[in-house]
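Using the sequences plus the hints, can you model the full thing?
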Amino acid sequence: MQLYVTGHPSRTADVIVAPLLPAGTRAVHAQGIAPPRGITVPADPAKAAALFRRRQLFTLRVASMKAQSKTFPGPGMPITVTLDPSGRPRVEVAYARALYELLVKEGFLLNPATGHCQLPATVRRPDVGMRITQAVHRLERLGYTIRLATHRAPSPSGPLGPPLHQPPGTGGQSRTPRTPI
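For the sequence shown, numbering that gives the first Met the number 0 gives the first residue as 0, with consecutive numbering after it.
Hints are not guaranteed to be accurate.
[As the list claims (entries may be wrong)] The following label-pair restraints were derived from C-beta to C-beta distances:
| # | residue 1 | residue 2 | range |
| --- | --- | --- | --- |
| 1 | THR11 | ILE32 | 27 to 35 Å |
| 2 | ARG124 | THR39 | 41 to 49 Å |
| 3 | ARG96 | PRO41 | 29 to 37 Å |
| 4 | THR11 | ARG146 | 41 to 49 Å |
It is worth saying that the hints were derived from the structure and are not from the lab.
C-beta atoms are modelled at their ideal positions from N, C-alpha and C, and glycine is treated no differently.
Below, the structure written as structure tokens:
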């Protein structure tokens, strides 16, 4: 789950905290779901976290699960693994169980800016292949379909061209927009 935090326009001792769409979801997946509201909390991080947890966390978790359940409907449950130019994997996943497997069981880290899972920098080159193979086999045994893609550097003359992965119904948009639910 990701949150948007910004200063309150008229009360400098407060901030506004609003939920963002979960990683791997788009606005279309949140249609028909009552969105959790943003709230004003003190600028003190501990107090803000306690208030948000008490007032909004349950609602946010329910809304996130509903939105995530609408992603990629149908059998196969695709997960995209993109290898960057150095051969390190970036995993785009929107399923709670797959996230659990990657983060807890396989030791991946979640990049909060992109919502992708990646191996820690401490995993060196010889072990990267073994770790990604192990993770892919674990996910396939659970029924996920793994799509492998390679990173393409932007061309000097223009954009990348077609996206590496087009989920059904996205109209060719492959990046996850970070908009409030």
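Here is how each hint holds up against the structure:
no.	hint	result
1	THR11 x ILE32: 27 to 35 Å	33 Å, holds
2	ARG124 x THR39: 41 to 49 Å	48 Å, holds
3	ARG96 x PRO41: 29 to 37 Å	36 Å, holds
4	THR11 x ARG146: 41 to 49 Å	47 Å, holds
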